[in-house]
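Q: Using the sequences and the accompanying hints, generate a full structural model.
In the UniProt record's numbering, the protein residues as written are 1 to 234.
Calculated directly from the structure, the hints in this document are not laboratory data. No false leads were mixed into what you were given.
With a straight-line Cα cutoff of 30 Å, these simulated DSBU-like cross-link-like pairs (lysine-lysine) come out:
#1 K46 / K90
#2 K144 / K44
#3 K44 / K79
#4 K46 / K79
#5 K5 / K22
#6 K62 / K90
#7 K79 / K5
#8 K46 / K62
#9 K79 / K144
#10 K2 / K184
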Amino acid sequence: MKERKFWGWGYADEILSDQEDKLIQERVASNFSLDEVETLPVPKAKEIELPIPRITIPNNLKDKLSDDHLERLNHSYGKSFPDIARALLKFFPSPPDLVAFPSDEEDIVNILDWANGNNLAVIPYGGGSSVCGGVETDVGESYKGVISLDLRNLNRVLEIDKESRAARIQAGILGPDLENELKKTNHTLRHFPQSFEHSTLGGWIATRSGGHYATLYTHIDDFVESTRLISPSG
1 MKERKFWGWG YADEILSDQE DKLIQERVAS NFSLDEVETL PVPKAKEIEL PIPRITIPNN
61 LKDKLSDDHL ERLNHSYGKS FPDIARALLK FFPSPPDLVA FPSDEEDIVN ILDWANGNNL
121 AVIPYGGGSS VCGGVETDVG ESYKGVISLD LRNLNRVLEI DKESRAARIQ AGILGPDLEN
181 ELKKTNHTLR HFPQSFEHST LGGWIATRSG GHYATLYTHI DDFVESTRLI SPSG
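A: Structure below.
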């Protein structure tokens with residue numbers, strides 16, 4: 001999977017040129033009557049110190065859980081302005097202790113059962129494009145730790161019924177991948193929010209997604225017939 005920025009929108013290798021950076025500085029200075037504007041340098045993961053994870057990975061979940069430094073950074077924030085500002089300032093006081101990467105429903109059940117039995121919070125994570133704090137892992141002091149549950153591996157179109165034009169699709173599939181799979185059978189979901197490139201079907205449904213190219217028609221709830229979910233209680 002191509003590396004994404006932990007401090008902003010898009011991929012890690014997509015950065016402004018010096019000329020673009022200078023142009024933005026000049027425009028901001030002009031618009032706000034400032035003598036000059038200085039941009040912050042892009043933060044590097046190795047420059048940021050995170051709290052030590054409070055959770056020990058159990059042996060039966062070692063291949064599903066990670067305490068990798070970059071993964072913890074990537075799963076700390078969404079993509080709102082406050083999120084990006086804090087990341088650029090290298091402010092990460094409450095990253096997830098661990099990041100989980102389930103491959104199927106059984107993995108999710110096992111992770112939730114373990115977390116529930118050990119008073120650990122679990123935050124679902126799709127594309128990480130939330131602008132309302134939905135993926136942030138600051139859960140306070142009532143839990144012994146927090147896990148970000150990344151659904152990137154549940155990313156398949158399982159079945160398409162051509163007659164009814166209905167499909168069974170896993171929650172972790174990104175917008176472009178979903179459209180590419182549906183096009184193989186001459187179908188489309190026709191839901192294109194601004195976050196399309198870096199958001200998932202599960203995230204669209206959970207947030208009742210609308211937005212750019214989906215302001216009146218083609219809201220995601222217009223297209224959902226049913227959902228299946230797993231929770232700590234069943």
